[in-house]
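J.: Required output: the full structure, derived from the provided sequences and hints.
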Amino acid sequence: MCTVCGCGAGETRIEGEAHEHTHVHADGTAHSHAHEHADEHSHSHDEAPLGVHAHSHQHADGSVHSHAHGHDGEHAHSHEQHLHAHGVGGDLDYGSGPAHAHVPGMSQARMVQIEQDILSKNNGYAGENRQSFDDRGIFALNLVSSPGSGKTTLLVKTIELLKDKVAISVVEGDQQTSNDAERIRATGVPALQINTGKGCHLDAHMVGHALEKLKPADESLFLIENVGNLVCPAAFDLGEQHKVAILSVTEGEDKPLKYPDMFRAADVMLLNKCDLLPYLEYDADLAEANARRVNPDLTIFRVSASTGDGLSAWLDWIAAGLEAQRGKRSETVDGLKRRVAELERQLAGK
Amino acid sequence: MHEMSLAEGVLQLVEDTARREQAHKVKLVVLEIGRLSSVEPEALKFCFEAVTHGSIAHGAALEIVAVPGIGWCMPCGARVPMEEVFGCCPQCGSHQVQPTSGTEMRVKEIEIE
Numbered sequence: 001m002c003t004v005c006g007c008g009a010g011e012t013r014i015e016g017e018a019h020e021h022t023h024v025h026a027d028g029t030a031h032s033h034a035h036e037h038a039d040e041h042s043h044s045h046d047e048a049p050l051g052v053h054a055h056s057h058q059h060a061d062g063s064v065h066s067h068a069h070g071h072d073g074e075h076a077h078s079h080e081q082h083l084h085a086h087g088v089g090g091d092l093d094y095g096s097g098p099a100h101a102h103v104p105g106m107s108q109a110r111m112v113q114i115e116q117d118i119l120s121k122n123n124g125y126a127g128e129n130r131q132s133f134d135d136r137g138i139f140a141l142n143l144v145s146s147p148g149s150g151k152t153t154l155l156v157k158t159i160e161l162l163k164d165k166v167a168i169s170v171v172e173g174d175q176q177t178s179n180d181a182e183r184i185r186a187t188g189v190p191a192l193q194i195n196t197g198k199g200c201h202l203d204a205h206m207v208g209h210a211l212e213k214l215k216p217a218d219e220s221l222f223l224i225e226n227v228g229n230l231v232c233p234a235a236f237d238l239g240e241q242h243k244v245a246i247l248s249v250t251e252g253e254d255k256p257l258k259y260p261d262m263f264r265a266a267d268v269m270l271l272n273k274c275d276l277l278p279y280l281e282y283d284a285d286l287a288e289a290n291a292r293r294v295n296p297d298l299t300i301f302r303v304s305a306s307t308g309d310g311l312s313a314w315l316d317w318i319a320a321g322l323e324a325q326r327g328k329r330s331e332t333v334d335g336l337k338r339r340v341a342e343l344e345r346q347l348a349g350k
Numbered sequence: 001m002h003e004m005s006l007a008e009g010v011l012q013l014v015e016d017t018a019r020r021e022q023a024h025k026v027k028l029v030v031l032e033i034g035r036l037s038s039v040e041p042e043a044l045k046f047c048f049e050a051v052t053h054g055s056i057a058h059g060a061a062l063e064i065v066a067v068p069g070i071g072w073c074m075p076c077g078a079r080v081p082m083e084e085v086f087g088c089c090p091q092c093g094s095h096q097v098q099p100t101s102g103t104e105m106r107v108k109e110i111e112i113e
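So the sequence lines, in the order shown, correspond to chains A and B. Here the first sequence stands for residues 1 to 350, where the numbers follow our numbering. Here the second sequence stands for residues 1 to 113, where the numbers follow our numbering.
Don't read these hints as lab results, they were simulated from the structure. Every residue gets a Cβ at the ideal spot worked out from N, C-alpha and C, and that includes glycine. Nothing false has been slipped in among the hints.
To spell it out: a stretch of chain A is covered by chain B in this simulated footprint if at least three of its residues, at any positions, have a beta carbon under 8 Å from a beta carbon of chain B; those stretches are: (1) 120–130; (2) 285–294.
Taking lysine to any residue pairs in the SDA-like style, the calculated list, with each CA pair at most 25 Å apart, reads: (3) K198/A / H58/B; (4) K258/A / T100/B; (5) K45/B / T196/A; (6) K121/A / G54/B; (7) K108/B / G127/A; (8) K258/A / S101/B; (9) K45/B / T103/B; (10) K198/A / V51/B; (11) K258/A / M4/B; (12) K121/A / E63/B; (13) K45/B / V112/A; (14) K213/A / S132/A; (15) K258/A / Q96/B; (16) K108/B / A109/A; (17) K25/B / V112/A; (18) K121/A / M4/B; (19) K121/A / G59/B; (20) K108/B / S120/A; (21) K121/A / P41/B; (22) K328/A / V268/A; (23) K121/A / T103/B.
T.: Okay, here's the thing in structure tokens:
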């Protein structure tokens, strides 16, 4: 008896008199075909073919093709051969395996569907981070830009203006050195440096570890300064509420067009070093228009981190975000309190 | 370098699946990469070969299925083809086009033995 499909001498055959297979081709057409089997033959799925016989099929789309089966002296019938002859337009349809079934211990190549996002691991960690931020009312921002756009200066200035109003903690991402974390610590707030070594971006797993180490306070501001890179950090969700892209006026106006992924991933753009505009041939309106071409919903602030111009609008935006996260937390806390009250009521009734 | 982490992500998914299926060799890996995603297929192929070296997927063929970009234009309410993420609507020229397909980066299936 065949070890794969159970067909063979004296056995009841599935679906009618003959031994019938149904194939689904890569193009979606399905066809079935029947083999008549004599009483006294066995039918092997993995033995090497010796003799060959050919037969033809008509497909649902009307095309006819023939394919060969290998048979040994006892009329064995190799599905390996069967399968590879089944290509339509060069595609192979493996079904769930060449024998349309899996038998442990049998050597056979088979396709396994995965259908998972390449970044699913990272996105899983990011989801955990986001949940933790939401549960604790923490407002988390991921600051991204090219090197030298003034991210750290902007952070230092922002921290100085906000640290008396809200608890702040900072994660600094760089390939090497802890210079930036030291600059942040000089302001008096806790900062953790992550050196990515050869890596070009922070990922959600690193930020999860940073959260464990930094232990940010409930309802605080959590700032992540990503590695200076306008390409890679765009693809990696860290669990933050918003990505904030920083573009400085000493860079080209067309940077949003050159690096569209980042400006598309961001919700806010800060146009930094605006105090230098009088000395530069830089069209700030064009830069904004280019950024909006890539991302029509982008919120843009023109600032100067060194002089402090324009920072109030940015700080107001952060304050609104903190408020929203606090609202989320109190919803969670209120929800839990309601549940506790309900459970206590139920317990009292018992 | 970004493709390097993506290739490592692919290898992780492949290794997890191969272990679950008790495979001893991975022969083919099929990815779906959207035209609007931030992946350069050639770079990914190069990195895939590097990261799979010595793993269960050593020597596996990599097949990349390109998914065309499709967007939804807000002003005209139409589904339009997109070549780039900041592309404009071919009908009205608006940049308010929301990509609906072509941003995916997925491991579709693997062939194991």
